[in-house]
Each structure stands twice: as C-alpha cells, then as structure tokens.
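Asks: Protein chains in written order, with my numbering: chain A, 1 to 289; chain B, 290 to 600; chain C, 601 to 1157; chain D, 1158 to 1702.
Keep in mind that the hints were calculated from the coordinates and are not lab data.
The structure displayed is predicted, hence computed values, not measured ones.
Hints are all accurate, no fakes.
DSSO-like, lysine-lysine: derived pairs with alpha carbons at most 27 Å apart:
no.	chain 1	residue 1	chain 2	residue 2
1	D	K1216	A	K19
2	C	K648	C	K841
3	D	K1290	B	K591
4	D	K1178	D	K1413
Single-letter residue listing:
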Amino acid sequence: MTDVIVEGGSSLWKDAWIKLSKNRLALFGLAVLILLIGISLLTPLIAPYGYEAQNLDMGATPPSLQHWLGTDIFGRDMLTRIMYGGRVSLMVGFIATAVALVIGILWGAIAGFFGGRLDAIMMRIVDVLYALPFMIFIILLMVVFGRNILLLFLAIGAVEWLTMARIVRSQVMSLRNQEFVEAANSLGLSQWTIIRRHIIPNTLGPVIVYTTLTIPSVMLLEAFLSFLGLGIQPPESSWGLLINYGVETMEEFPWLLIFPGIALSLTLFALNFLGDGLRDALDPRTSKD
Amino acid sequence: MYRFAVGRLLQAIPVLLVVITITFFLVHSAPGGPFSADKAVPPEVIKALEEQYNLNQPVWQQYLSYLGDVVQGDFGPSFKYPGRTVNELIVAGLPVTAELAFYAMLVALSVGITAGVGAAMRPNTMQDYLPMTGAMIGICMPSFLLGPLLVLVFGIHLNWLPVSGWGDIPGDKILPSITLGTGYAAYIARLSRGGMLEVLSQDYIRTARAKGLSERLIIVKHALRGGLIPVVAFLGPAFAGLLAGSFVVETIFQIPGLGRFYVQAAFNRDYTLILGMTIFLSTLIILFNLLTDMLAIWLNPKLRQEIRGTN
Amino acid sequence: MIFCSDRRSTWRQPITLSSSFKALLIFTVLFSLVGCGSRESNVSSGNKTGTLYWGNGTEPQSLDPHIATGVPEHHIISAVMEGLVLKDRKTLEPLPGVAESWDITENGTVYTFKLRDNAHWSNGDPHIAQDYAWSWWRALQPALGNLYAYMLFPIKNAQKYYEGDITDFNEVGVKALDDRTLQVTLNYPTPYFLQLLDHYSLFPVHQATIEKFGDADQRGTRWTYEGNLVSNGPFKLVDWKINRRIVVQSNPHYWDADNVSLNEIVFIPIENIVTEERMFRAGQLHVTSSLPADKISVYREAKDPELRIAPYLGTYYYRLNVRKPQFQDPRVRRALAMAVDRQRLVDNITKGGQIPAYTITPPGTMGYYPKSDLTFDPEGAKQLLAEAGYPDGKGFPSTEILYNTNEGHRKIAVALQDMWKKSLNIDIQLLNQEWKVYLDTESAGQYDISRAGWIGDYVDPSNFLDMFLCGGGNNRTGWCNEEYDHLILEVAPSMSSPKKRLEVFQQAETMLLDEMPVIPIYTYTSVQLVDSSVKNFDANIMNAASYKDIYLQVDQE
Amino acid sequence: MAILEVTGLKVYFHTRNGVVKAVDDVSFSVDSGETLAIVGESGSGKSVTCYSLLDLLPKPPAKIEGGMALFDGKDLLTCTPEEMRQHRCNDIAVIFQDPMTSLNPFLTIGEQLIEPLIYHPDKEQVQTRVEAKKNAVALLDEVGIIDSHARFDCYPHEFSGGMRQRVMIAMALITEPKLLICDEPTTALDVTIQAQILKLIKKLQETRNVAVIFISHDLGVVAGIADKVLVMCDGTIRESGDTDNIFYKTQNDYTKKLLAAIPEGAKTQPNRTKSDETLIEVTHLKTYFKNQLNTNKNEENRFIKAVDDVSLKISRGEILGLVGESGSGKSTLGRSILQLAPTTAGSVKFEGEILTGLNAKKLVPWRRKMQMIFQDPYASLNPRMTVFQTLSEPLLYHGIANKKNIASQVRQLMDDVGLSQNQLRKYPHEFSGGQRQRIAIGRAIATKPEFIIADEPVSALDVTIQAQILDLILELVERHNLTMMFISHDLSVVRYISDRVVIMNRGVIIEQGDTEELWAAPKQDYTKELLAAIHMLIQSQNALE
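Let's have the full structure, built from the sequences with the hints guiding it.
Replies: Following this line, the structure appears as structure tokens:
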C-alpha cells in the first residue's frame, strides 16, 4: 500500500492563502507580525546602541532625540532593549506555543478518537499535571539541568499543552461519529491515517483561535520564569521582563512600562486578527471568490 | 447523576495518589534543605534538626510514614514555622484563597457573560467591537500590571477603595477580585459570544421568534442555556488558573491567602507545607472539575437522562 | 450620578449607549461603590487610640528568642521581652534593663547584676535571677537549633558545654547567688558583653510556660503563640493571625509600665515592599520596614520629611573564591576591587544614601575607624591585572557573579558587570539562583564571585572580622591566614585597654584588605518611611526601636 | 374574502458576491378556510416568501425591496416590531420543516407550548400558568398525543419525529391563528406518519376554519391536500390555479417536468441475466447495542436489539431493496455486513469467505470489494478535502492508480458519475446535494468493488434530482456488473430500482420476495399497512383524474 501522495494536497493551504489575502484585517495583522519579526532579526544591524551599553549618568531619562524611547535606570537605550527583547519574546512565544500545539493536538486527537479506557487514562494524566506544583517543577528544572533556553520551552510547553489537549479532545469526539469518518473507515484506512488526514485538519479552527491567545500568555510566563532565574539572564531581557521591571517604577518612569507594553499588545492584536482570519480561511464554508 | 459523581470521585483517588507521590519525590530531590540559612548553621545543629523531623530516614520510608499521616488527615508540622502544623496554616489560608477565587470567578462570569451576550445580540456593530476589543486588552493585561494600576487610580488618587487587606476594611475585596477576574472575564466574553452566535442561528430560536416572544425573553429563556455550554466547559481549567494566579494578586494586595504560602514554601523547602497545599489545591481543582462537568450534564436534559438511566 | 468621596465633584454619564450596555456600565459602577463607606485610615484612628501600625516585612517564623533569627522576629521580641541591659535609643550605650545595676571586677571577667525587685512576668510571676540561669542553659541545648548560640560563647565554658565537651552546666560561668543577684564569669574580658545582653538570644524565657507545652529543648512547641506567651517586656502578645497581623498591648506587670505611652502595636507582615509603600501612602501604616530603591530618589527630591535614611551597621561585599585559578593571585583580586566605581553605584543604582565602603568593618563601630588604601582607580587596576598576567583582560577565564533572586542584587551585579567589562575588558556572566540553591552553591564553593552581606549582631569590629577566620562557618571564600587568626583570637582579647584592642583589629583588617579575598562595596543604610505623628523613634546604626519610649502625636500645622 | 393579499413582493439577499433575487415580484392571495400550496424545488424562494411576511429572515443579508402584504387590511411589511409581535401571537403561525431542530432541547414541550399564552403582548389576553396548561393539554389531545397530561413535562428528545411534529402543530394552533403556514411539515417523516400528519392538518383546518399555506417540493403530497397551487421557480411564479387544472391541464413545461419526476410504476428494464451464485450470505446475524437508557440489570431490555437473528442471501448482479421505517435496524444491518458496526453473533460470508471476526488489517483486501454510499451528502464528504483528494484517496490507497495515472483515473471517475472535470479543485460545500451524492458514488466505485450498499442515497434530495441519481445508480450497476443492497424507507423508490425486496421491522425480517409479487400480494399485515399508506396518496391523486 503506497502512502497516499495527494497531488492536490497542498491546495487546502493554497486556498486558505487566497481567502486570507482578501481579508484586510488579517493582512494588517500579518504585516505587523512580519514587521516585528523583521525588526527582531535585523536588530544587531539596526540597533542604535549596544543592548548592555550602560551610561549611569543618563539613568532613567524620558524619551529624547538621542534615545527615542528614553533610557532605563542603567542608562541603557530602551529602543534597543525592546528590539533585543522582541527577539527573545517572539522566539519563546512561537516555539513554546508550537511545542504545546504539537503535544496538545496529538494527545487530544488520540484520546478523543479512541475514547474508552485509553481516553480516561490519558485525561487523568492531564488532571495530574494540572495539579502538580508548577513552582517546584521550575526550581528543579533550573537546578538539575542547569540553565538554558531549551529548558524554558520545556517548562512552558509542559504547562500550556494541557488546555490545548482538552480543546482538541472535545473537538475530535464530536467529529468521530461524523459520516465522512465512517466512510474513511469503510475504505479500510488505518486509524492513524484517518486521524492525520481527516480528523486533525477539521480541528484547526478552534485550535488556531486558542493558539493566538496562548502566545501572549506564554511571553508573560517567560518573564515570570526569567525573573525566577530560569529563563534568560541579565543583561539580556525580553518584553515580559521589561514590563515586569517597568511596573515597579510605573509612577516615576512611566515610559519604561508603556513602550514594552505597546510592543506586546501590538503583537497580541496582530496575532488575534491573523488568527481569526486564518480560522475563517481554513474553514471551507467561507467562499473563496 | 450521583452515580456519575461517585464514579468520578473513585477515579480521583488514584490521581491524587500519583500527584502526592510525584510531588514528594520532586520536592525531596530539589537541592537545598529546609534548614540551610544565610548565617552558617553548625553541622551538629543540622543533624539534631533533621532528627527531630525524621529527615534522616531513607526517602521512601519518609514517604510511607507521610502517607500514613495524610490518610488520618494529619499533614505534619511546618519546618519554616516551628510549632505551626500544616493543617493550621492551610485552614488559615485556604478560605481566603477560595473566597478570592470565587469572587474573581463572579466578576469574570458577570462581566464576561454580559459583554459576550451583548456582543452576540448585535454582531459586527459597535456593541460587538467595543467589548471584544476590551476582552483582547483584558487577555493581554497581566495581573501584575493591572493590580498596581487599579491601586494607584482607585486606591491612592481617588481614595475610593482600600489598597490592601482582605476582610479587615469593608470594600477591600473589590480591587483584588477585579484584578484576578479580568483576564478570565475576557476569555469568557469571547467564549460566550461564540456560543451565543452559534445558538442564535439555530432553528428553535426562529420558532420562538415566530411565536411572538419578545427579543429579551428569547435571549434569556431560550438562547442562554445552550449558548453558555462552552463557558461551563471552560470553568474547570479557569478555576485551576485562578487558584494558581492568586499568588500574584495576593502579593500585590497583601492578602493572607494560600498563594503566597505556596511560593514561600517552595523557596523555604518546607516539604510538608508544599505537599499539604498541593493535596488541598488539587482536591479543590478535581472537585471543581467534577462540579463543572455535572453542571454541563445537568444543563443538557438529554445527557442528564442518559446518566441517571431512568426517565 | 453622585459619588460619595468627599473631594470629587459629580461625574455625569457622558455617552448614551444601547440598553444592555447601560446595564453593564451601571452594574460595574455600583459594584465598585459598595465599598465606599466612611473610612478612616489606620494612621488617623491609631493616633487617637495610641495604636502604632508597623510594617514588619515577612511573616515571623517564631517568637521563641532561642530559635528566631530574622529582623521581623527581632522587632516583635524586643517589644514583648527585655534583657538584663537596654540600649540608649540614640547612642546605643548600655542602660539598666531588668538589672537595676551591675559591677564588673578589675580584670573585667566577672559581672554581678542586681535585679529590680518590682520585675515581674506578664502573668504576674516574680522575675528572679534563676530565670536567667535556666534560660541560658536552654539556649545552649543543641537540639533546639539555636543559630545564635555563639552569642553566649564569651561566658566561661559555654562553648564547651554547647559542643558537648563538658556536660555539667554548673561549670558554665553563670550562677544565681540569690533571687536578686546574678553572677556571670567570662572566658576573657569582653568590652562588648553588656551589648550582648540586649540581644534576644540572651533574653530570659518563662520556664513554667515552656515546660507546660513540651520539654525545654523541643523545637516545635506552641508556647510562643497567641494566648500562651508569658514575657517580661513592656508589651504582651494579645493576638496573632497568620499572614494578617500580630497585636501586642502594654503589659501592666512591666516594671516601668507607667512610662510606656503606646497602648497597642499592630505588626503587619508585608512581603512586597512596593505594596508596603502604597499602603503607607494610603495611610494604613505608621512605619514601613523598607522602601523600593527607585522610590527613594522621588521622596528625596520632594524633600519628604517622612523619608528616613540612617547608616546601618552592615557591609555589602562580594566574595571571591580564592580556590579558583584566576583568583589565586591577590593582584587580580585587588584589581577587581579597584575597578569598582562605588560612588556612582550608590548614587545611580542603589540610591539609598549608602556609603561607599573601602573596609569590611563599617567606620565608627565602637570608635573604630579602619584605614584602607583602596580607591577607585581603573587605570591602576588595568595595570595591576596586566602585571598579574592578563594584559588588557586577554586570557582571563569567563567568570560568573552568583546572586540570589532579588531586585537590588540584580541591579548591582549588572552595574559591576559593565564596570569590569569597560575598565578591565574581562568577560563576566551573571548567575541568578533561587535562595536555597544559592546558599547550597555558595557553601559548596562552586562559584567564582558571589554577592554577600553581613549585618552586625552587636556593635564591635570582632563581629565583622571573625567571619574570615580559617574554617569559619561564614568564611566561604576559602581564604586562610594563620597570622590573621592569631591576631583576632589571641592578641586582641589579651589587650588591656580598648584602644590597644582596636589597634590590633586595624592590623588584622589591613592584612585582610591587602589579600582582598572579599571586595567591600558599600555600608548599608536603613531606609524607611516614618509618619510625622511617630515620636521618640530615633535613628541608630542598629535600626533598633525602643517601643516603650515611642508615642503618637499629630502636630498641628 | 381574502384574508391575506400579497402584491409585488420582492426580497433580495445582499451577499459578499453580488445580490441574489430570492423572491422577485410575487403576488398571491389566500381566503380563510382555503389551502394554498406553494410548490417548487429547493432554492425556488417558496420559504423566503412566507418567512418575509413574518419578518423571520436574517436582516443583514436579506432585505425586503418592495411590495405589500395585507393581512386583514394591515400591511405586514411596514408594521412596527410591537405590531409584528401582535400578528405573530394572534394571527399567523408557522409549522417548520425539521421537528428535530425546531424544538428547544433544553425546555420541556409543555413550557414551550404555554409560552405565547403567559407572555402575551397585550395584557388582557395573558393567562395564568394553570389556565395555559389546561389549554395546552387539551390541544395535545386534539393533535393525537396519547396521555398528554403525563407527557406535558417531557423533553423534546423523548419524542419520535412524528410526535414532535404533532407538538409543533399544537404549538402553532395554541394562539388560535387565522393563517397557518406549513413549511414542508412531512418531508422529514416516514411515509406512514406523513399520511397521518396530512390528515390531521386537513381536519384541523376544517374544524377551525383556518387559512393554510402549504409549502412543499413533493407534488404527490400536495395533490391530496391543496385547493389552489402556486408553482415557483427561481423566485418567480411559473403557474397558479386550482389543483386539478395544475395537475392535469397544465401547459407550463416546468410544471410538466415536476410531474414527470414522481417515480411510480414498476421497474421498467427487464431483469438482467441474474446468476444464481450467492455473493453475500448472512446467517443468524445479531447486532446488539448496550441500552444507554436503562442500565438496571434486568435481562429483558438491557440491550437494544438493532439486528435480531437476520439471515439472507444476495446473489451476484442483483439489486436487493431493504425497506423499513426509521429505527427498524436496516442501516445497522447494512453496516454490520460491511463490518463497520461490531456484530454480536452470527456470520457474514463474502464469496464464501467468513468476514465476521477478521481484524482491521485482514479486512483491508475485502474492504476494496465492498463499498458504501451514505444518506446525508453534506456529512459524508470531508469538508476540507477537494473533490480531487476525495476521489484519489481510495485509488492510491488500494494501489489501483499510481502517481502518474492518478489524474486521468480521477477524471474518468468524474465522467462516470456525470460531473464536469473542471470542478476537481472545488470543495464539497460548493456543490448541490445531488452533485455531492455523485461524488460519494464516485468514491464508492473508485476501488472497482463488487458489492455496494446504498443507505438511503436519495431521501435527502429534491424529487427531480432523485430521479437522476437513481438512473445513474442503475446505469453504473449495469456497466460495472455490481451487486447492490438499496436501503430506503421510500417504498416507491425501492419499487423503481430493486429486483428483490426485504421488509424489515424492529430488527427482524418480516417478508422478502420479488418486487412485483410483493407489491401485488403482500402476505404479512405489516407490509400491507405500509403499502396501504402509499395507496392513500396515489388514490387521492387518481381520484382527481
């Protein structure tokens, strides 16, 4: 039995792209995201100052011509800090969410599709992970494995995929007794092929919407972990950390909070518009023309 | 219905057992003992202390004796606060955290559902975009930012509400509940809007309208029940999140809840306190998940009969 | 729609919205209104009823003076208990406490204390000399885990008894001659011994109460909790709600009860200093335990009278692990020390009025002003580093600064990282570890440079210099110098006059600073907010408050 | 006197890709006591016309461009929402098509019945709950719900399709309307129940002197009930007049096409040379499901006996019709034969090989030889796969085609099922019901099977499309020499297509035999009752001839 090479396979995504390009809001979201990613990638070239270049006399000055977004208490240029912070936050946001996405979808699809005792066991495991004390888990990770970025993804991924698994499971359970799944069964396709080709593409809608909500919360979780010493170490920083420090001096130096906050919320809005647009695009019922 | 509840409770016991076991060995393998301190502690003192809390026994023996105690409801003494038992600390902190989580859930549900339903009634108009944009801001606004902001505006500049404490001064429960509840209000707004839009497109809504019922009655009596099912499904994970999230809010508003204890216990390697709280919190989460599942079943008459077995 | 807060005018509904949206708006506004009754802040009500609201940092571990170690515990214990000797609230000179008077023999090794006859416990029992003999016996029981047992070691044979070399407590130099007189014999003349008597590890404890709740050396008994504690201080414990408040009220049986003006003190445990500052501004606290660094400059510019900054007997320093290859050569250690611009660090980063420190012992400790040739000289440092084999920092191995998760430590580490990079061109990394892990790593010596700080237990150079004795529990640098130990352990105690004693300490300190296993950075300052209505709470380098003298008075502007 | 006078009604849908003229200048009138039937295929605008009268159309896309609808002198199209509520409560009521989704699953039927009475817009007509319940129970009896007092507090899911439609009728009549709009009330029901509902509506109309607008796509149903008929197509009226001259003296060719599409009469082509080799043999097959409803352990109804000890043979080249009402177990039997449903006992042999008991892996080669066509064209195709992907999957999976000739094979399939090849890139939702069923058939014959089970392939389609699909199936059976089991509840369709017929009820085979013999002389009385229900419809039609 040759594996199914479907010549027109990619068309689901091709059509999705055609539909997406007609949705102005989604395009705006995509443009903003590409802009942010672009800036992050080019940061080493276009950053006005070194990210750890301190200038203690210039401590915490408001936005000026020299420093467009002002400086932090060490006199470091905030615009550069936000750019470098973007690199970390976006990387962490996308990769950790991807990890959570993959594990969550597979776990949810298998639990939902097979049901019965397997489903009960898998879901009880999810309940156990929900209840475990996250804090101890973090400290242990930090200490036993030392300190590097991969650890951060493991820590975040281990928490985020739980809810994703729940969503995908409820979606798959409703799809399971649809007639086209029974038709695929009557063709004699293997369980795994049915899940891969028929079940998962039809769960993309709600999964995408949830993903666009996960990325910002993951960025904030990264800040909390970095603050504890698990994530990135000073003098590097991320949007979450900048916001965290900015909150403490909210009254004295408001710009330390406002600009990273704008960066994060811009990402969130862009992601949401893109996510809604992508969900509609992947839903064949929305007309292509 | 109760047969279903009993079935789920029986399932909860092995889950709890696994949670206790994993946490126990997780905690004991974390480096740094409960008695190390900034000032150098003479070795003979450490030996004496460990004897008193029988930490010198092999780990699995401690585990078995700990399980023995837990079964009788004794969660052991706290290392960090000599003389205080874990039961005492939890009894002091749990009601506050549960109450905070409850009020936050109240805020989340009331604001979230009102916004969601309002948006669903007139989709793609100002009354839809305004709450939904607000919801998006709510999601992206972390509580460690929203809390201080509310305190500065309402607590200090306008001096309407107390800045901290829980239950000492009237009205001191409002700001913390709003801070903790906002994030979830945003989620619930989006979920209830989706659920309501889906239900409002159903045939039986058209039947209700054809019967000449008023728009308001159709929403409240016919649409709400079906529309809010996705929200009910979300309550389980949301409650777990509220309990975990209360740590930040308790620190900002100086609330004597379990959240801060939980983090401090981890930092102090207060083994019995961590274990005790993990058991309590996970029981609370499991119970709440069971409650929300039963509510979801109760809401849907067809499921309710299938479970109860007799029509 | 009128709001009830006095200063705000009416706030009308500007925009009209569809009906359901109005419902939402009205609902949220009403919901927030519910709390708005007439509310008087703690400070204003406290000033009327003589109740002091005190921000006390973290939740106290225990009020047993022989177990507690932290500053929050120290505040409460010094309110409810009192030692033989008190300290003057400005000069910290010894003042008569439970002991009415005392005389010291010629050679300064035997002290005889005369107790007051009207001294009583808070439950009315008479307070007699035997209480002290029993209490100090209890303080030296190893099972109790008393981290401050070493404060009693100046007493003859105390250390031997604690370490189990001798078992008969009578050999220890403390004897109650009769109900009113207590005789204490020391190993060798200790000029600061009277100060030790004001430290809570030497406070008396009520034997009957302790034995009612378990044996004397049992750690986790409930004798210090609300309703049980019997103490001899100006206040007595009335209420203790975990994580909420600890309330003490004036103790009628106290020997000096009539001069105590405060009726009640409420200690509020506040974890987060940012929250504490907000509570102060909302009038819920008379005194805060600390203040966030960035807020200090705001209060200073505003010349706010409620801001109080005072020198504090403590030094913030960095430990260098001499066992590491790059730090074996003292010239490298010295170069690092010389490259630190302490003045700019204190002005721009810590901003708490700290004093740049060039010696380990804070200047002015019991009249001891240590001299040091350490100055900020980046060029000299660069040159010294080159001499030590690392011209322009080349070849210098990558080094890590270890610090525990804390906002203040992070800022200082980042600043120093940059200073060393700029002037010595060496590559420094930062390692932020959680508290217990930090302690573990440090005591196991697995660090290059680590952040450290020491707050004096009593005002005497020995409390600082003892840290660096060979094999000392707190000497985690791995540095050892017999000559230094000899000076501190043998030569200094044998000096007859205090002045000569200080000269020996100077010699030892100079030796320490030449080798530079540690880099002094700044001398601490106590920074806190004190409401204008709080009187007689004077600043001193131990940041010790004598609660019996404090009174509240609103001064009419 | 005309109770409803509609002149020049125009309703357009403003969708993203242009304006759709759903109703374009329609005029008609209805007198009280008279039944007007509006007939047309799906998409002809018959429902939109009626719903626009009661303002039930979703406003953003739909917009009433023009025209007037006078009801007792008042224009429905321009009245205020408050007045419209009065009309909905007192004057006009609607019975919707699908009883399964038109009742609120979360409320008891009693509650939904008394709602219009206790929340009546004008105050003096408001009734107390007790009063309203009395009226509701009386009405339930009238529409034929047995022990209505007890069933008052039950939930919709506890009623069968037919019973629910009776509740809908009661719900419509409770406010004593003057005009009753029935939107295809019997389409989703079985044939015997269809007859009963039509009789009920007729009786109620006479007793209450109510004007009725009866919307349907099935002329057979309309013949027996309507006084006047309106034939609509693409939003316009093609013909209107009394029932008999529409049915028998029509000149309009569109109406003729509709009349011709009603399948009746015996199977026309001669039987092919039917070989007597048995392809499928089913012996004592049992398929039981755990009865979710009552789990108390008494033996008797612990299991639902969907298929209860069935034995039958299907010989090669034959089309076997399997007939039964909904819930008779015919679909389960089909799925059990294909091993899609877990069988409890008995065996299924395919060309002598026993299939029951084989695991999934071993079944794959047999799967190639047996395929299935499903009932609901909307659900049986994966919404996110293009036609090309749906058709190429079986071909590639079973190695019938490889990368090179897959495109040509798929195009060949498209021709076989009569679809244009340029639609390969499209998604299922872009096709009509009939076209989708053609895709499903294409997928079924892709693996060149020998045996196909068609589970109610045409019951969800319009009558004209039905005829085309049946012809397609017959042609394919012919060309590929297939053997087929045709499952349906529609007797006239089964008679049109199958050689032999098996009648099934409650999981048991009642009777089986050649189609025409069975039609002429049914032995079992259940079969008689089934056939009688069909005759009733045909007689009313003949009577008019």
